[in-house]
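Novice: Given these sequences and hints, build the entire structure.
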Amino acid sequence: MTDAQQFPPGWYADPDNPSVHRWWNGTAWTEARQPANPAPAAAPAQPAAPAQPANPAPAAPTNSAQANAAYPPYQQQAPAAYSSAPAAYPSYPSAAPAAPAPVRRDIPTDTPWIWLIVFLPLVGVVPVFFLDWNGLLRAAALDPSGSASAEWVASFAGASLLLTLLGYAVIAAQIVFAYLDWRALRARGIDKPFHWAWIFFALVISNGVYVIGRGVVLRRQTGKGLGPVWAWIAVSVGGLILGVVFAAYLLNELFALAAVYDSSIGGSPLAP
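Going by the working numbering, 270 is the number at position 263 of the sequence shown; the sequence numbering is gapless.
Rather than coming from a laboratory, the hints here were simulated on the basis of the structure.
Hints may be right or wrong, so weigh each one.
[Said to hold, decoys possible] Pairwise CB distance ranges, derived in the manner of DEER restraints:
id	residue 1	residue 2	range
1	L173	D117	25 to 33 Å
2	F207	L138	28 to 36 Å
3	V135	A194	35 to 43 Å
We put the beta carbon where it would ideally sit given N, CA and C, even for glycine.
Specialist: See below:
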């Protein structure tokens, strides 16, 4: 009993039923019990000890009393009050952001290959000015069964095939020039220049995909390199204007021939 007496009176978990608290009077368990409270505000007042006779006879220790003496009760600690602010968790030091690469303004960005890519499509337009468009319109107005008309249509078909082959040859040359341009930029120290394979978009869209992409990458790394982009824009706008003027010329010729055909009476229409 000496070990048990060191525990002060209070509410402790009942050894027979840990789900409730039982009053320990400092020497032995009493019959006072209450539901377990995980966070009691304060220990209740000690109940009055049961009346004892003037000369109590020493009670023989029971098995329960011996067990209590052998295993003293444990104090049910109230949980500590939770803080409103969560505890700060240690964080791993984040790596400092990598510094942007310095702008290399000392690297020349113009190569002969990029200028060839920009202006080479004009080569495919030049033969258009050497075709006899007036003869085409006259052949269209003549009797399709005429020998002159059939002969001219055959020659025009050959010219059209030549223009088509010339266009594909221009695109093939641009692919080669794009690779040479990409290799030259790498040799000059450009980090990951715009890949030359983008020039294949010239088959379906325009060579401007490579020219503009190349200019954007060079602008980011060297602060320059947009000269070919502006040149490509000028060539594209000029080609558009030239196409509109050429279409207007063909329409004007067609209307003129139609007027001559309507005014002609007898003989061969559109005769010189």
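Novice: With reference to the structure, classify each hint as holding or not holding.
Specialist: Cross-check of the supplied hints:
1. L173 to D117: 25 to 33 Å: 27 Å, holds
2. F207 to L138: 28 to 36 Å: Holds - the Cβ-Cβ distance for F207 and L138, about 29 Å, lies within 28 to 36 Å.
3. V135 to A194: 35 to 43 Å: 38 Å, holds
When held up to the earlier numbered hints, the structure conflicts with none and fits them all.
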